[in-house]
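Go by the hints and put chain B onto chain A.
Taken in order, these protein sequences are the chains called A and B.
Sequence positions in the first sequence follow the working numbering and run 198 to 399.
Sequence positions in the second sequence follow the working numbering and run 198 to 399.
These are computed hints drawn from the structure, not numbers from a lab.
Be careful, since some hints might not be right.
Identical chains blur together in the list; that is why a pair holds if it fits in one copy or across any two.
[Stated by the list, open to error] Straight line, CA to CA, 27 Å or less: simulated DSS-like cross-link-like pairs of lysine-lysine:
no., residue 1, residue 2
1, 326, 303
2, 333, 300
3, 259, 303
4, 359, 303
5, 234, 326
Next come the chains, spelled out residue by residue.
Number of protein chains: 2
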Amino acid sequence: MKRIEDENRIVFFTSSKFKFEEASRIAQNFGLDMIRKSENIIEIQSESLEEIALFKARQLMKRYRNLTFVVEDDGIFIEALNGFPGPYSSYVYRTIGNSGILKLMKGEVNRGALFKSVVVLHVPNMGLKSFTGICKGTIAKSIHHGRMFGYDPIFKPLKADKCFSEMTPEEKNLFSHRAKSFKKVFSFLIKIRSTINGEDYG
Amino acid sequence: MKRIEDENRIVFFTSSKFKFEEASRIAQNFGLDMIRKSENIIEIQSESLEEIALFKARQLMKRYRNLTFVVEDDGIFIEALNGFPGPYSSYVYRTIGNSGILKLMKGEVNRGALFKSVVVLHVPNMGLKSFTGICKGTIAKSIHHGRMFGYDPIFKPLKADKCFSEMTPEEKNLFSHRAKSFKKVFSFLIKIRSTINGEDYG
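Chain A with its partners taken away, still in its complex shape (with noise of 0.2 Å):
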């Protein structure tokens, strides 16, 4: 257990290695150090993504009050599907997936959707605080190339010229929600700990 509770260290709970992939690159970027951790943990049906994550958060900070982590939920919100999949968006990966959604969007002229990723923090001392990163872009036609997870073989952002999937993993931390969230969520964590430095040296 010490090794996890080293200050320094954010535990990511997720049982996507895809996902911890993604922001411990980040991570590293801000000179901090991630590490990955499954947890059973009950996940609430709500159309708020925020509401999901604050719930997943609050039954791990009972068990790990001393801990730096995050939990993220994330989906995708397709215009024409009045948002759907949404929140339940890994549920319907796995019954319909891709095929599925591009059979729903046939004939669909607004191909609009964005990805959402809201990531809660937990800061011993200091409670919960959520930020949201968000990815506009469309839905493909066809299912591209490349690297296979999730929806990223049919979403396209706006102003990339290639769908998600057939990204190198940088490429897609300069566009993605996933990065987006997470960057603030290390800002943040940077920013309060040079305020505790800077009060305890300065």
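Chain B only, in chain A's frame:
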């Protein structure tokens, strides 16, 4: 509060008037009195309807220890879509609706689907017990007329010649998943009450 604690009364916690009407019609056939109550409770994400319904019932049990009550969770599971929309039937209905389901089913030869209802019953001093009802059928090729409740206009039970939406409430209760689960609940309640009465006066 006295009113809902009448021992011959069963409280159905649901926000749906349609579900309540169907269930209370069956309750009447058993000579039982059912009332509806809405309550703010947390609903979890799970692929098991039983888990979702039990989680709801456990929250209510803490608040209504002396009440005989039921909660229900239901969903439609479509074979060709790997069980989608399943436990998220209500969210999927609100976003892509029946026309979305028909779009997903376009060209699918296997039209098989089932409706499932899980009712969790709480009886004071006895705890929780769950009852399941299943109705097998097929997904129609178009939206049928009649009572526009949920997926009823696109679901035709096996051995029926029309969709749920085109049936009278009495007809629907001859087939429906909800009728089956609630009949089990009421038979059980009558059985335990006659046992208790038998011991008291026999």
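So which of the earlier hints does this model not fit? 1 and 3
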